[in-house]
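Based on the sequences and whatever the hints tell you, model everything.
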Amino acid sequence: MVVMYNFIPGMMANFALLINLFFTLGILTSFQAALTMPGIAGMVLSLGMAVDANVLIYERTKEELRKGLNVKDALKAGYGNAFSAIFDSNLTSIITGIILYVFGTGPIRGFATTLIIGICCSFFTAVYLTRLIYESRLKKDKWLNLNFVTPVSRNLLQGTKIGFMNMYRKSFTVAAILVVGFGICFGVRGLSKSIDFTGGRNYVVKLEKAVEPEQVREVLAGVFKTADGTVANTSVIALGTDNMTIRISTNYKIESNDPKVDDEIENILFKALSDAGMVTQKSVDVFKNPDVRSGGSIISSQKVGPSVAKDITHGAIISVIIALAAIFLYILVRFHNVAFSVGSVVALALDTIIVLGLYSLLWGIVPFSLEIDQTFIGAVLTVIGYSINDKVVVFDRIRENLGLYKKRDIQVTFNNSLNETLARTINTSASTLLVLLCIFIFGGASIRSFSFAMIIGVVVGTLSSIFVAAPIAYLTLGKKIKENVEESK
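For the sequence shown, our numbering assigns the number -6 to the initial residue and increments by one for each residue that follows.
Quick caveat, the hints were computed from the structure, so don't treat them as lab data.
Please read all numbers here as calculations on a predicted model, not as lab measurements.
Misleading hints may appear alongside valid ones.
DEER-style ranges, computed between Cβ atoms [what the hints assert, rightly or not]: (1) T219 x L171: 32 to 38 Å; (2) E248 x V279: 28 to 34 Å; (3) N7 x I434: 19 to 25 Å.
Within a straight-line C-alpha distance of at most 25 Å, the following computed BS3-like cross-link-like pairs (lysine-lysine) qualify [what the hints assert, rightly or not]: (4) K275 x K199; (5) K154 x K132; (6) K399 x K60; (7) K69 x K135; (8) K400 x K60; (9) K281 x K296; (10) K163 x K218; (11) K202 x K186; (12) K264 x K246; (13) K163 x K60; (14) K135 x K65; (15) K253 x K281; (16) K253 x K275; (17) K69 x K132; (18) K264 x K199; (19) K264 x K202; (20) K69 x K133; (21) K133 x K218.
Ideal Cβ positions, reconstructed from N, Cα and C, are used throughout, including at glycine.
Below, the structure written as structure tokens:
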């Protein structure tokens, strides 16, 4: 923010992020919520998305300064013009967060809760708090020479005249090739389904000492292997906050109901955890006794059958469909034009297909897990929520320009609107990618797959806003205008 918008504006945005973090932590504390890794991911992502509001305000302010307004009037106009886009994009993200909370389980609910709180706090800090500070300083004739550009950003993406609407045949062709290619990949390779979608056995285990779930996951990697060499999927999550109680899930021989398989799995667990020093029981029989907690033991066990897994799959699909439908209706209500709703939903569906397709293509190739579990479904829904942000901002500018220049050719209006918002699109995507890369590198194995999905989603969502959503809205709107003209004749 400092590099792109100069020291004072950049530090104001950073100050707003710190206050946002303070409020988010305060609200979570008042709920007595446990701060889990998915919760931290939701918090960090909300900070990344909060930058979007500051970028929108500053980009609109720069436009007003280029028109010749003074800093005081330019900032007032910048906040006013950016408000509707900020409100719409935040509300669509909150809608997605609510769907995540309603249809998700523990980790996803934690992520959704912190994301919703963070978005609400960012709206307050970016739109209200920073404006108060700017107005206070400007009333005292301070900061009257504020400059929202630096040598790096002065001419960056300014005055571009790219004919995006002339490229729609090429972009649609590329999109069609990707859909067909990933469709073939689904048929050939499928997806690496986790226990959530295949069924499996769950074991709640009390360990001898506090350890991170990632450490247990490393210990159990590859221990559940069938006679033909297939390695079963295994997941480990922490329960509670003591780092001593974990849930281990595996789909090893899930099709078998033989009690001997249960004994086999428990023996494998005991040996692996004992060798790692996480369990100190003398025998597997004591390890199986839930009444003997000292030294580590299995507290409870449960088999999740394929029928339950089908219900989870059904719920995941329904949650994605509901998210798309809710966004379609909201865009329709806010923009009063079905063209924008159609463009948004088609582009969001394409974003989802590409994320799923890359997971199908890359699982077993990249050096980290690409299992499709409920956390991944949360990532897909978050991608939808983030991606709609950019589309709302682009459509908001198109709607504004359609009202201002009613006699201008619609293709020119669309191209101009995309070029005018290009700097904002690139800046916010880059800042969010920085956040996601931090989560991907430092967040641990438990959310690496999640952050990888988000990285793909941000890149693809940015491109789809420009090359899919806007052209579809342009073609739909142009057809509608043509029909109205013919009816009037």
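Here is how each hint holds up against the structure:
Checked against the hint of 32 to 38 Å, the C-beta distance between T219 and L171 comes to roughly 35 Å, which is consistent with it. Restraint check, E248 to V279: a C-beta distance of roughly 30 Å satisfies the suggested window 28 to 34 Å. Our hint of 19 to 25 Å for N7 and I434 holds, since their Cβ atoms are close to 21 Å apart. About 15 Å separates the Cα atoms of K275 and K199, which keeps this hinted pair within 25 Å; it holds.
For the suggested pair K154 and K132, the alpha carbons sit about 38 Å apart, so the restraint of at most 25 Å is broken. A C-alpha spacing of about 21 Å is found between K399 and K60, which places the hinted pair at or below 25 Å, so the restraint holds. Distance hint between K69 and K135 is fulfilled; the C-alpha atoms sit about 15 Å from each other, no more than 25 Å. Pair hint K400 plus K60 holds up; C-alpha atoms about 22 Å apart against a cutoff of 25 Å.
For the proposed pair K281 and K296, the alpha carbon gap of about 16 Å is at most 25 Å, so the pair holds. For the hint linking K163 to K218, the alpha-carbon distance of about 47 Å lies beyond 25 Å, and the restraint is violated. For the hint pairing K202 with K186, the CA-to-CA distance comes to about 31 Å; that exceeds 25 Å, so the pair is violated. For the suggested pair K264 and K246, the alpha carbons sit about 18 Å apart, so the restraint of at most 25 Å is met.
Among the hinted pairs, K163 with K60 is inconsistent with the structure: their alpha-carbon atoms are about 35 Å apart, more than 25 Å. With a CA separation close to 10 Å, the supplied pair K135 and K65 stays within the 25 Å bound. Between K253 and K281 the CA atoms are separated by roughly 14 Å; this keeps the pair inside 25 Å, and the hint holds. Of the pairs offered as hints, the one joining K253 and K275 holds, with about 21 Å between alpha carbons and a cut-off of 25 Å not exceeded.
Between K69 and K132, the direct Cα distance comes to roughly 12 Å. Compliance with the 25 Å bound is thereby established for this hinted pair. Of the supplied pair hints, the one linking K264 and K199 holds, its CA atoms being roughly 15 Å apart against a limit of 25 Å. In summary, the hint linking K264 to K202 is supported, as the alpha carbons are separated by about 16 Å, within the 25 Å threshold. Pair hint K69 plus K133 holds up; C-alpha atoms about 16 Å apart against a cutoff of 25 Å.
For the hint linking K133 to K218, the alpha-carbon distance of about 72 Å lies beyond 25 Å, and the restraint is violated.
In the structure shown, a violation is registered for the earlier hints numbered 5, 10, 11, 13 and 21, in ascending order.
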